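J.: In case you want the letters, here they are:
Number of protein chains: 6
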Amino acid sequence: MFTLKVDEEIKLYLFQPHHAIELFQLVEKNREHLRSWLPWVDDMNSPSQFEAVIPLWLRQFAENNGITTGILYKGELVGSIAIQQIDWHNKSTSIGYYLARKAEGHGVMTRSVSALINYAFFQLGLNRVEIRCGEYNKKSRAIPERLRFVKEGKIRDGEELYGRFHDIIIYGILARDWKGMYFR
Amino acid sequence: MFTLKVDEEIKLYLFQPHHAIELFQLVEKNREHLRSWLPWVDDMNSPSQFEAVIPLWLRQFAENNGITTGILYKGELVGSIAIQQIDWHNKSTSIGYYLARKAEGHGVMTRSVSALINYAFFQLGLNRVEIRCGEYNKKSRAIPERLRFVKEGKIRDGEELYGRFHDIIIYGILARDWKGMYFR
Amino acid sequence: MFTLKVDEEIKLYLFQPHHAIELFQLVEKNREHLRSWLPWVDDMNSPSQFEAVIPLWLRQFAENNGITTGILYKGELVGSIAIQQIDWHNKSTSIGYYLARKAEGHGVMTRSVSALINYAFFQLGLNRVEIRCGEYNKKSRAIPERLRFVKEGKIRDGEELYGRFHDIIIYGILARDWKGMYFR
Amino acid sequence: MFTLKVDEEIKLYLFQPHHAIELFQLVEKNREHLRSWLPWVDDMNSPSQFEAVIPLWLRQFAENNGITTGILYKGELVGSIAIQQIDWHNKSTSIGYYLARKAEGHGVMTRSVSALINYAFFQLGLNRVEIRCGEYNKKSRAIPERLRFVKEGKIRDGEELYGRFHDIIIYGILARDWKGMYFR
Amino acid sequence: MFTLKVDEEIKLYLFQPHHAIELFQLVEKNREHLRSWLPWVDDMNSPSQFEAVIPLWLRQFAENNGITTGILYKGELVGSIAIQQIDWHNKSTSIGYYLARKAEGHGVMTRSVSALINYAFFQLGLNRVEIRCGEYNKKSRAIPERLRFVKEGKIRDGEELYGRFHDIIIYGILARDWKGMYFR
Amino acid sequence: MFTLKVDEEIKLYLFQPHHAIELFQLVEKNREHLRSWLPWVDDMNSPSQFEAVIPLWLRQFAENNGITTGILYKGELVGSIAIQQIDWHNKSTSIGYYLARKAEGHGVMTRSVSALINYAFFQLGLNRVEIRCGEYNKKSRAIPERLRFVKEGKIRDGEELYGRFHDIIIYGILARDWKGMYFR
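Line order of the protein sequences matches chains A, B, C, D, E and F. Numbering follows this note's numbering, in which position 135 of the first sequence is assigned residue number 135; successive positions increment by one, without gaps. Numbering follows this note's numbering, in which position 70 of the second sequence is assigned residue number 70; successive positions increment by one, without gaps. Numbering follows this note's numbering, in which position 49 of the third sequence is assigned residue number 49; successive positions increment by one, without gaps. Numbering follows this note's numbering, in which position 152 of the fourth sequence is assigned residue number 152; successive positions increment by one, without gaps. Numbering follows this note's numbering, in which position 8 of the fifth sequence is assigned residue number 8; successive positions increment by one, without gaps. Numbering follows this note's numbering, in which position 97 of the sixth sequence is assigned residue number 97; successive positions increment by one, without gaps.
Extracted from the complex, chain A is given alone in its bound form:
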């Protein structure tokens, strides 16, 4: 398992094909919870579907165009976080994530997002990280707000979720903001 260390409790690991079952089980146990905001949840009904999609994530990683990882909290898979498509010309990317219900309330996601922001700014040399949340997805929005992202706009009908469009809030943080806040 290839991991990016967040802190003593949390590690992010690259999904490989042999992780398909544990990833499926995570989704399976949190299906009701996750489907509120993730459009693909209803389509994923067996480990073999994850076994098919994981190589695509790794290929994206191989093309330096994003990273999809599992979040290990005290040794257990409790969620996923990803650097999505990278716009190398404009040195910009976005981060997406989801968390098992039972792991909520420990700052797991805030710490994981912080780690990937560091990764994006200091290892990849990017200039901007975006997080996009459904307008009424409070838990998701709490993450960028806690990390002092700037709310930059509202994309009307930005996402279709099970037949209904809803609005998307864009949050952004720039490398100079981040360094200013956390590295003085």
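Everything labelled a hint here was simulated from the structure, so no lab data went into it. These numbers were taken from a predicted model, which means no experiment stands behind them. Virtual Cβ for every residue (Gly too), placed ideally from N, Cα, C. Incorrect hints may appear among the rest.
For lysine-lysine, the following BS3-like pairs were computed, each having C-alpha atoms within a straight-line distance of at most 25 Å [claimed, not checked]:
#1 K138/A / K151/B
#2 K29/D / K139/D
#3 K151/D / K154/C
#4 K138/B / K154/A
#5 K91/C / K154/D
#6 K138/D / K154/C
#7 K154/E / K139/F
#8 K154/D / K138/C
#9 K138/E / K151/F
To be clear about the criterion: a stretch of chain B counts as covered by chain A if any three or more of its residues have a C-beta under 8 Å from a C-beta of chain A, and this derived list gives those stretches [unchecked claim]:
#10 85-99
#11 153-165
#12 168-178
Using the hints, position chains B, C, D, E and F against chain A.
T.: Just chains B, C, D, E and F now, with coordinates in the frame of chain A:
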């Protein structure tokens, strides 16, 4: 030449390889003007470079993932307008454009954008069209404002232009807005 | 819809995926009529098959290797005409076509073929256009004869149609013939 | 060396990359002679160019879409003969060839063509073989005439050769003709 | 049929798609015999499966990365022999084979392997040929031993055969050994 | 940086494009030392060559066909270790490695190989791991011997190194050996 009729004065045509010279000449004559807001202008220095990129635009068209056209105003090529990558899941796309200086002031671009919005909503069945403009690019911003797009946000450092980042304004219009405004 | 104007009554348009249903209906209504001379008619039994083949035609267009269009006569799809594979080394191509029964007798196909010949000679810069017809397909053969193509040969057993070979007549016209006949 | 036996004196062998030098030397020695009727001769100026094209011929063979062979006459490479693209739907193909000057006059090509016709009709199960010759290429035309092909037509400006178009004669033979002539 | 002549009785021919039926019949008649040592036998249950795999073998041939042939003994297909993946950097390859029961005892395989070794050393210019046999596959091991290969090692659990691992003996011969033994 | 933890001192990390410079420097500093046994050393003369090859390693990882990592010893890159092509049918792979001179003598490589063997047997579920060493490469051979691999054979002329062939020793270890030795 395969054209989409805008009105009696204006047609949009799909660029094909044999249009490379006229497209190069358009850019060549408006180089100073265009490079203020378009990142690729300095890189395009010969017709053969357009001959190389036009097949990529046509391939994108073949994959139902965007359309790049030339704007014919009274029979002359005066600019370009494109439907950029299409997000079919969320039924959303964006439109980009540029115009020769000498064709400004006749509503050419406003009419052309209107035509592509109609195309996007009525032929492709999309739900949302976005226009992204540099914050200080007044002429570009005038188009979505004239067409009553909603200003939805400001993407900080959204684009790198010749070594300097600048902010990007996002404008959006939805199919229901458009139909409500123009088809009552 | 991207169109090549033939005259006030007729336009040729590039098929795109959202035209699959109207193309299917054209074939469906003229099935008996068309299957006499077209080998693929019996294989096309649903709009989704056209939805699958249209992107291949567009890809051929993107590779500058042919164009497949629908014929709009007074605003209605009444047939199809195509520039088939282009032999760029020898500057030569062939044209194929079919027409709904109810649109026969108005010169629709003769005018459409003329337009594509103009396109081949003046826009693509080709030197030779060929039309191949089944020996006993009188209506098809009438087109090149009316346009003063030269009958250049008979390919014995040139085509297999539903299990039986039949002979193919080759008609050819050269750019210099065409210009001599119509542009003096 | 993988060979198709023609008779005691002649064998046809599949070109492989390690044959590039001998093929280059054949062309080199017969350059003046060959360039009269073959458009590619002036472009081939080193063995490495043949080393690059031979894998493409083998790939065509692997796709069951043609065979390019060298003609061994009394153990020496004296020419080349090929089954060109195969139209499997219509069970038709064409044969092309060229011969070193010094090997002319022994019936080498007539025998080689006969062998490939047998191969096309009896091993591949095709129905029609075509040979296309420049109108004034007497030696080339003598082959299909000697083998009683039917002259089926003249393609005006069928080929461009070093900047000048010339007419092409089409000869055809059908499986039933061939079997009738040679196997009674 | 493209053949490599071994001697007056034996030829090796490149499998082409139209040979699928005869190859299937060979396997079908020797199924019990062959499945003892070949992992793929149980998976091949119709000629169409060979029709699918033969183009892959030909493609490997086109890429100069191996050759799969049928063994013709007195005009009848009695087995198969292949040059497997070629390691061009280290100038090394391996040979694999199988024979119909009824053709055993005539030296068919020893002579065929000799011919492919000559081919590998003298036509392809390789330096080393390897043969890998199951430890208890006496008939297979007899071939390299008869040809004075050196037994170089035993790969424990080198191959899985129907759910059970077994050990593999590696035999090797070098170009200089071969030339020393047979060409003094 | 995505790492596989070996122990408190050693981590293995997946090479990504932004590691090209440090990898180049490792090779540059140990060029004399490394070229004795690695065929590619003389060909790698700039960081950009590593930048080109790293995506190929990641692609191999994405295809579940091997892993190429850097060895971090006390936070510094001191060598590389890789799982090479995986034979999934036979559940077998091989491991290759090299180490900077200054990091020798601390058991770095023995511990790293152990970790990858664990990875191969317990995470990937393989059955056999092979290590191939030049016969006279004492330091390399010491690793499998220390880990109680079985010496299974000697491949004569197994590798070409700067124009000279040399013999290769094959060492193998099976999952059942490994579990027996280290997990009783």
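J.: Please go over all the hints and tell whether each is borne out by the structure.
T.: To see whether the hints hold, each was checked on the structure:
The straight-line distance between the Cα atoms of K138/A and K151/B is roughly 24 Å, inside the 25 Å bound, and the hint therefore holds. Between K29/D and K139/D the alpha-carbon distance is near 19 Å, which keeps this suggested pair within the 25 Å criterion. Pair hint K151/D plus K154/C holds up; C-alpha atoms about 9 Å apart against a cutoff of 25 Å. Simply put, K138/B and K154/A have alpha-carbon atoms about 22 Å apart, close enough for the 25 Å limit, and the pair holds.
Our distance criterion of 25 Å between C-alpha atoms is met by K91/C and K154/D, whose separation comes to about 17 Å. Only pairs whose Cα atoms come within 25 Å are accepted, and K138/D paired with K154/C is accepted, the gap being roughly 22 Å. For a cut-off of 25 Å, the pair hint linking K154/E to K139/F stands: about 23 Å separates their Cα positions. A C-alpha spacing of about 22 Å is found between K154/D and K138/C, which places the hinted pair at or below 25 Å, so the restraint holds.
Under the criterion of a C-alpha separation no larger than 25 Å, the hint pairing K138/E with K151/F is consistent with the structure, at around 24 Å. With a cut-off of 8 Å between beta carbons, the stretch 85-99 of chain B has 4 residues touching chain A; three or more are needed, and the interface restraint holds. Note: the stretch 153-165 of chain B has 9 residues with beta-carbon separation from chain A under 8 Å; the three-residue rule is met and the coverage holds. Coverage of a stretch by a chain is defined here by at least three residues with a beta carbon nearer than 8 Å to that chain's beta carbons; for the stretch 168-178 of chain B and chain A the count is 3, and the condition holds.
Hint compliance for this structure: every hint is met.
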